[in-house]
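If you read the sequences in order, they're chains C and P.
Numbered according to this note's numbering, the first sequence spans residues 1 to 667.
Numbered according to this note's numbering, the second sequence spans residues 1001 to 1153.
Just so you know, these hints were derived from the structure itself, not from any lab.
Mixed in with the good hints, there may be bad ones.
With the Cβ distance kept under 10 angstroms, some of the chain C side facing chain P (calculated, not the full set) [as the list claims (entries may be wrong)]: (1) Asn355; (2) Ser359; (3) Val384; (4) Ala558; (5) Glu590.
Beta carbons: idealized from backbone N, C-alpha and C, even for Gly.
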Amino acid sequence: MIAEIGLAALWLSAALAVLQLVGGFFGARDETNELRALVRPAAVLQAVLCVISFLCLVWVFYVTDLSVKLVANNSHSMKPLAFKLSGAWANHEGSMLLWITVMAAAGGLIAFIERRLPERAMMATLGTQAFVGIGFYLFILLASNPFERLSPVPADGNGLNPLLQDMGVSFHPPTLYIGYVGLSVAFSFALGALLTRNVTPEFARVMRPWVLGAWIFLTIGIAAGSYWAYYELGWGGWWFWDPVENASLMPWLAATALLHSASVLAARDALRTWTIMLGVVAFSMSMVGTFLVRSGILTSVHAFAVDPERGSFILALLALYIGGALVVFAMRASTIAEGQRFSITSREGALVVNNVALSAILGIVLLGTLYPLLTEAFDVRVSVGPPYFNPVSAIFLVPMLLVLAVGPLLRWRRDSLARIKWPVIVIVVAILVVLIAAALFAEMSILPLLGIALAAGVGIASFMPLRGRSLRRTPLAIWGMCIAHFGVAVSLFGMAADSAFQQERLVAANVGDTIEIGPWEATLQSISPVAGPNWTAMQADMFYSYEGGPLMEGHPQARSFWAPPGETSEVALITRWNGQLYAAVGNMAEDGRWQLRLWWKPFVTWIWYGGLLIALGGVIALVGRVVSDLRRREAEARGEARPYPDEVEYADYDEVRSIAGPEEAKS
Amino acid sequence: MSTGLKPKHQRLVLVIVALVVLLGAGALAAYALRNQASYFYVPADIAANPPEVGQDIRLGGMVEMGSINTADDGVTVHFVVGDGAARVPVTYAGIVPDLFVEGSGVVAEGAMNAEGTFVASNLLAKHDENYMPRELEGMTMEEARETVAETYE
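Bound-form chain C, shown alone (with noise of 0.2 angstroms):
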């Protein structure tokens, strides 16, 4: 019953949908039109019914209603309760259900919410929003129901693939999900802009929220997802430049880039059609993430879905889209008026910088990411790894820094190095020092090298905007940017000291063995059977010590599921402020020793640290804008005509306290 309702739920959306589709059409064509008003209802009725579906969908699987085919293929009566929940969404199914949830939720929200854009740019955004929505509706009513039932019914479900048996897993795709699919947003209004000629400053304010919002759940889903590959798969590597790692990281990119292009568009009305452009890109990009997952075109551990129809299906969804998208793009961007010119030495300029090295990035990920499937083509197999993309990257992501460090100092429109001479020393010599100190005192190759240097650069230039500003009435926003870009250099740090000064020991050992590795002692105490809800293991039982310190336990498992049958390593982590001790338990050799790997990971937990820090600037940012819209608002509201406080201060700032400043007399 509660599988019917789910159902019908997801059928009358995909009806609203076209309903829709339909009033926005006819709404951005004539603002007079009636059929308007349905459209506004008919998105925040759709994204109810939506949510409705999907908790639908999570009951059966929290019953196990095994009368479901795909609770009896991906669920099991003895599993955890969290992991019977997480299996409602671990799974093609209910994986792409989430995502027109998603969809339909931010359509609704934007419906809901979003009074400042003109009614026929609205209309032909929540429109494009529908457009998009249908197909994704078609393909999982007509290619991937997850309400199906199944006769007979089993006695029990198959399972869920024990390395998804984890509370990772829970958190970390629903969130990568809010990211992929927020930036739906951004495609839409992107779109309705062009179709109604509307690229204005305003739609990148309106814009920008939105993008802000999908970005931050983005960047927590990708740490998440990074720091549950770390831990789950046994391997001790944080980023294995897998294609459904690059998937996530792709649509980050574009929208890391689109984020600072709308800044540029909302302060100053520059960067018009490459902002447009950008948004289109980034929803691209999550829907080539979505085929690429979800096709079972790659052979990894999270592409378990294998089925060409889908395939197929799913790739006519990303040609209409993407290709629909690029041709009115084509149609219309020469009708974009050029925007306010800037010198090239000049925030602006910086911020072009920015963008043109994320998008060569992007570009080599892509590329990356789809020469195995270009060359499969002509039967010639081969991988894609580290080798090419760090490297590679490199050579761009340096000198993104590098502006990264320097272009916030830099004024709107126009202005010149010799006015910022100081701090540009201060960072240079700083990082100059680092990289020599630690070419001569430490070992470490060429990238790691670097990478440590231009931590510090950015680490000290991050908070350089805030000098000379009373920090009470400095905005949210410039709060945000600095903690972010802080966050940057914390992460670059992690993952440069991880690189460099990591050790790693593999030793076969006897109970009561001690292992020096780096600082630390482990001594292996005991190896005992455990047992768990849907799993049992052999547990080593560890004591370890820092340079001679107290005692610390850790129990790393081989554990062996048995619906379905699997295996998976869960390694002991000892964290402290400078870094983790991982351990992970292997196989017990013919003479009866253990097998253990041990790795001292220093400051290898910073790169989630500095994760959490740019999605925490993100945060702090779109506080800071939405307040100021309130306030906005509510000035408007008692009849006061009041520009963007923030804007105003954010944007203009630099000009403001130049006119009012001796400054101005130099230009």
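Could you slot chain P onto chain C? The hints should help.
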């Protein structure tokens, strides 16, 4: 940099520089891909056309029956990967995946050494019943069975 260029020209310069950088990125990526992509070999390919020593490749095939040997250190394994046409000795130091067993498919990442042994840095074995390394999909069950049967003799 803020020279005597007119703003219009500055904009043009910026667009051209951006285009050049992006095209450069594409060219660089294409060049690097040709050199850095690691090619997939089955033992027959290695016999027919041996890769350079030290070049990163991936080797796929079936682990021959009775070929897995653990060295005295307890962590280094030696085994032989075959595809029915040729055999390649492999050595790997590390914790082997749990589904790495004799007579089953495996893909090893690593490089050949001067002695003609493949030194694996990573082993990818079948994760479960539904998972097959993509490169092994081309190998039919018959080929796999042949490989297994041969090694039983």
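Handout entry: Hint status (Cβ of valine 384 of chain C to nearest Cβ of chain P, threshold 10 angstroms)
Key = holds, 5 angstroms
Problem - Agreement of hint glutamate 590 of chain C with chain P interface, Cβ distance less than 10 angstroms - result: Where the cut-off is 10 angstroms and the nearest Cβ of chain P is about 6 angstroms from glutamate 590 of chain C, the hint holds.
Exercise for the section: Answer holds if the nearest beta-carbon of chain P is closer than 10 angstroms to that of serine 359 of chain C; otherwise answer violated. Expected result: holds, 6 angstroms
Exercise for the section: Would you check whether alanine 558 of chain C satisfies its interface hint, that is, whether its CB is within less than 10 angstroms of any CB in chain P? Expected result: Status holds, d = 8 angstroms.
Problem - Interface hint for asparagine 355 of chain C, Cβ within 10 angstroms of any Cβ on chain P - result: Interface hint status for asparagine 355 of chain C: holds (8 angstroms vs cutoff 10 angstroms).
Consistency note: the structure conflicts with none of the earlier hints.
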